[in-house]
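Participant: Please model the entire structure based on the sequences and the hints provided.
Protein chains in written order, with the working numbering: chain A, 1 to 422; chain B, 1 to 282; chain C, 1 to 300.
Just so you know, these hints were derived from the structure itself, not from any lab.
Being a predicted model, the structure only gives us computed values, none of them experimental.
We put the beta carbon where it would ideally sit given N, CA and C, even for glycine.
Don't take every hint at face value.
[Stated by the list, open to error] What follows is a list of derived Cβ distance ranges for each label pair:
| id | chain 1 | residue 1 | chain 2 | residue 2 | range |
| --- | --- | --- | --- | --- | --- |
| 1 | C | I86 | B | E178 | 40 to 48 Å |
| 2 | C | L152 | A | K363 | 45 to 53 Å |
| 3 | B | F266 | A | S57 | 44 to 52 Å |
| 4 | C | G151 | B | K53 | 20 to 28 Å |
| 5 | B | L82 | C | P216 | 37 to 45 Å |
| 6 | C | L16 | A | K317 | 49 to 57 Å |
[Claimed, not checked] Below, computed lysine-lysine pairings styled on DSS-like, alpha-carbon distance capped at 30 Å:
| id | chain 1 | residue 1 | chain 2 | residue 2 |
| --- | --- | --- | --- | --- |
| 7 | C | K15 | B | K193 |
| 8 | B | K64 | A | K40 |
| 9 | C | K154 | A | K225 |
| 10 | C | K265 | A | K419 |
| 11 | C | K47 | A | K404 |
| 12 | A | K404 | C | K265 |
| 13 | B | K64 | A | K53 |
| 14 | C | K295 | A | K403 |
| 15 | A | K283 | B | K64 |
| 16 | A | K285 | B | K53 |
| 17 | C | K295 | B | K109 |
| 18 | C | K154 | A | K138 |
| 19 | B | K109 | C | K15 |
| 20 | C | K15 | A | K283 |
| 21 | A | K320 | C | K265 |
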Amino acid sequence: MKSLRKMVKLVIFSIMFFSAYSLTLAADSVTLLIHPTLYKAMGGKDGVVADLKKEKSIDVTVITSPYGNILDKAVLSFVSGGGEFDVVTLIGPWINSETTNFFEPLESYIAGAPAEWDYEDIIGSLRKVPTFPKMNGKTYGIPYRVGTGIFYYRKDLFAKANLQTPKTWDEFLELSEKLYQPGSIYGVVQRGKPGVHVEQDFKRYLFSTGHAVLSEDLSTCLLNKDDSIRVLEVFGKPFLSGWAPPDMLAWGRDEYRTAMMQGRAAMGLYFSPYWGLMTNPEKSKVADQLGWFLVPNFSGKNQGSTLNGGWFAVMDKKSKNKKAAFELMMAMTNKKNQLRGGLEWSNGPIRTSVYNDPEFKRKFPVAKGWLDAISLGIADAQHPRITQISDITSKEIINYLQKKKSAKEAMDDACNQIKPLL
Amino acid sequence: MKSISQNISPGIPTNSVSKGIVMILLVFSLLPIIWIILTSIKSEQAIFSIPPKVFVAPDFSAYKIFLGLGNNSAIPFIWNSLFIAAMTTFLTVIVSSLAAYAFSRYRFKWSNHLLILMLATRLLPPVTAVVPLYLMFRYLDLLDTKFVLIIIYTAVEIPFATWLMKAFFDGIPRELEESAALDGCNALQIIYKITMPLASPGIAATSIFVFILAWNEFMFAFMFTSINVRTIPVRLAETIGEMQVYWQEMATLATVIMLPALIIGFFMQKYLVRAITAGSVK
Amino acid sequence: MKNSRPFNFLLLKKKLTPYLLLSPAFLLLIVILVYPLIYNFYLSFLKWRLTSPVPSKFVGFENYVNLFLYDPDFLDVSKFSLGFTIVTIFMEFIIGLFSALLLYGLVRGRRLMTSFLLTPYMVAPIAVGLGWRLMWDRDLGLVNFFLVFIGLDKINWLAESMPAFWAIVISEVWRSTPFVTMILLAGLTSLSNEIFEAAHIDGANRWQTFWKITFPLILPPLAVSLMFQTIFKLRVFDIPFILTEGGPGTSTMPYGMLIHRTYFKYFDVGKAAAISVVLLFIGIVVAMIYVKISKMKQTS
Chain A
1 MKSLRKMVKL
11 VIFSIMFFSA
21 YSLTLAADSV
31 TLLIHPTLYK
41 AMGGKDGVVA
51 DLKKEKSIDV
61 TVITSPYGNI
71 LDKAVLSFVS
81 GGGEFDVVTL
91 IGPWINSETT
101 NFFEPLESYI
111 AGAPAEWDYE
121 DIIGSLRKVP
131 TFPKMNGKTY
141 GIPYRVGTGI
151 FYYRKDLFAK
161 ANLQTPKTWD
171 EFLELSEKLY
181 QPGSIYGVVQ
191 RGKPGVHVEQ
201 DFKRYLFSTG
211 HAVLSEDLST
221 CLLNKDDSIR
231 VLEVFGKPFL
241 SGWAPPDMLA
251 WGRDEYRTAM
261 MQGRAAMGLY
271 FSPYWGLMTN
281 PEKSKVADQL
291 GWFLVPNFSG
301 KNQGSTLNGG
311 WFAVMDKKSK
321 NKKAAFELMM
331 AMTNKKNQLR
341 GGLEWSNGPI
351 RTSVYNDPEF
361 KRKFPVAKGW
371 LDAISLGIAD
381 AQHPRITQIS
391 DITSKEIINY
401 LQKKKSAKEA
411 MDDACNQIKP
421 LL
Chain B
1 MKSISQNISP
11 GIPTNSVSKG
21 IVMILLVFSL
31 LPIIWIILTS
41 IKSEQAIFSI
51 PPKVFVAPDF
61 SAYKIFLGLG
71 NNSAIPFIWN
81 SLFIAAMTTF
91 LTVIVSSLAA
101 YAFSRYRFKW
111 SNHLLILMLA
121 TRLLPPVTAV
131 VPLYLMFRYL
141 DLLDTKFVLI
151 IIYTAVEIPF
161 ATWLMKAFFD
171 GIPRELEESA
181 ALDGCNALQI
191 IYKITMPLAS
201 PGIAATSIFV
211 FILAWNEFMF
221 AFMFTSINVR
231 TIPVRLAETI
241 GEMQVYWQEM
251 ATLATVIMLP
261 ALIIGFFMQK
271 YLVRAITAGS
281 VK
Chain C
1 MKNSRPFNFL
11 LLKKKLTPYL
21 LLSPAFLLLI
31 VILVYPLIYN
41 FYLSFLKWRL
51 TSPVPSKFVG
61 FENYVNLFLY
71 DPDFLDVSKF
81 SLGFTIVTIF
91 MEFIIGLFSA
101 LLLYGLVRGR
111 RLMTSFLLTP
121 YMVAPIAVGL
131 GWRLMWDRDL
141 GLVNFFLVFI
151 GLDKINWLAE
161 SMPAFWAIVI
171 SEVWRSTPFV
181 TMILLAGLTS
191 LSNEIFEAAH
201 IDGANRWQTF
211 WKITFPLILP
221 PLAVSLMFQT
231 IFKLRVFDIP
241 FILTEGGPGT
251 STMPYGMLIH
261 RTYFKYFDVG
271 KAAAISVVLL
281 FIGIVVAMIY
291 VKISKMKQTS
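Facilitator: As structure tokens, then:
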């Protein structure tokens, strides 16, 4: 009996002891909630964060979170109103008329920023994403990392068959048939896993028409327009004709990336920052065989319009240290660190000056193409129900790929389900 | 214990066919694990080669990173997880054994209703408990502490542990307890001196499960901790990157996570075996 | 078993003893789980978007009506979840029972074998998912490699509805059968040998000994473990999520994924709460069935 009481006491004490925590933070300290890959892209512990401590004596506490859960965690903290994270990195569509209620408007900070930080140098199409001219004219985020859709292809296979890179979708389909080698090389690889995978890949094709899933004022569903239906047929053709992987409906990021890197694919539409990974000879069997071309379209003129994907830094309205938080946001996005991130830590830079930098051009010959594509790119619809809209789109695309519906039926059904959400 | 002759075992065939089946089950159980371990010492090129490669020059770099003391060491995460899981197991077994004993040995008002109510709390999907609990612990200023995870895990495991231990207690004859009661022992003494030792196989099984559930738990650990108390499953989830899964890192961490659970499982088993001795002596 | 006999020597001394014994457990449960449970019931009658500045509104049974009548995914999800639960529980019961009996029957190497057979349960669910994803891959997976080796065609395991269902079932059975095995093994080990000696003297054969004596005795822990497994299966998340993300389409999406996505992707708190209440009722029905079964066997 006595020994039991002793044991219980011991347990209580040890819990108290080991769960001791510190809440008191030094005056200039901020917390940053970020994706681990993005943290690596700012040099991790020894990169931007260490410099900020040295130069401005601001302590940054970094909390990393995987892609699928970063929004859960951020929203939980926003809703509870505790201001747990001063700066949070989010993708574009998550910054919308609802979530911005939790964010600090940044115009006054931007206006007060030192000239050498140069907000205007950030690529224009990216600056537009976290600003809401129609709603209230405010700016809620600073672009930090960007990528766009770009076709990577095997130069050697093209040369062997004496082929040119395509300019129109018809030429593209012809090529995927010609390049397909049964049993060894897929004509084109795409993702077909539900949710963000198939939907994102389809949007990279769809945006070549010059419009997104929703109209710009977010009031109309554009998936049932004629050109959207035609794009879906282009997207589905390689799979339905057998030039794409037969198990494409299970392919996610890893499958389609490694297919190219292992030399099992002739063409693929990828997020542009994959370039660094795919041309790394330690990881890729075809590192020196890769070329790129801009996303084709129906007209054959002004190619490159596609889906832009970007990460933005936003500030919690409830942050207790807003000045230091903005210092961190500037450090993440200034010229020096964006160039360093692009060169050393495989970030996708958001500044025009980085893409024009001679050293960057030397390392990434694809830089000019990236800049063009990013400038032409269209951002995803920033509707508060975007995730639900994406899931509906994904489901209907797969219905078409599984031949349960025709392209027109699938897109009509998608719009019927999306309409009540708008 | 080997004196138990096969004839009086509880009606189980023990011929070479059954040994063959054990072997098949063994291959089925171990092959994926061996594959994970092999993946942890392969470079990415080898992981994705076709046809699959079994033997490659081993590359232990990921182990060096995670088990070393550098920036990316996994040791603090392992320590957090170990401490939290061990504490959870300890608290759960203590609290649940009392409850299980009450349900098993006493007839009292509402006993069946309470048993069902206990189960009902476990029927709620954990994700729906996240928001109310987060708001509560935020208010109490307890987020990001080991305490908060231990308390949540213990509460989550209690229904399961109580039900299971009740089932095991039900199977134990009461004569010994009755004579102990006549000798003047109180309820706690009877539970800890007589019932629990007799039910030790069941308690061992229960505590292994409680430990493993706490050891592998991801969602609460991810949502309720940020800086001070990150656990190893949270670290493992980070190997699923923005553009790629870091396969080698993932497999290495998965192997590292497996080890403590395996060791504990192995040592807990001696209680499973010892019980036979107790039984045969009795 | 003499469960029906009142156990009253302590009761006479203190009527409060059982309540005292229960108090620590219920104290914790009330604070941590009963409060969210009640809160969740309340939420299921509200229209509330987590991120919306508009305050929540009482809407009665609208969430439930929407779910049952107008949600195209709910039916698919229910079909998959229930099918998946029934098939996995059945397989786990059969395989678990077999392995427990075989392990119990082993004289040499039992401890080592038990350790090995229990290993899958020790692996973190995320790692199980990722590991099996490598196994099921069409081109580089071991399973298809083996099929081709014995002269069969490759199967698109994760890309077609039926194979994906079985891939998820097998991965889940692989992971959690040890749970059943272990509980049965513990149940077998705590039985005393006198019972079997008596049966042996009575001339019962192995089969009779097992069904008439052993099985009823290990039934209570077996029923409890299967009941909890059923509850876990109904809201399974990690393995289907990592293997297929519910695909192809929504053909392998379990309740767990639907709730998570409704709550934290669509921020539709009311609807997510309504789904979890539905799940709660299914769970209670399942629990009733298991309790009935284990009582029936005991009395017979």
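Participant: Of the hints given before, which are not true for this structure?
Facilitator: 9, 11, 14, 18 and 20
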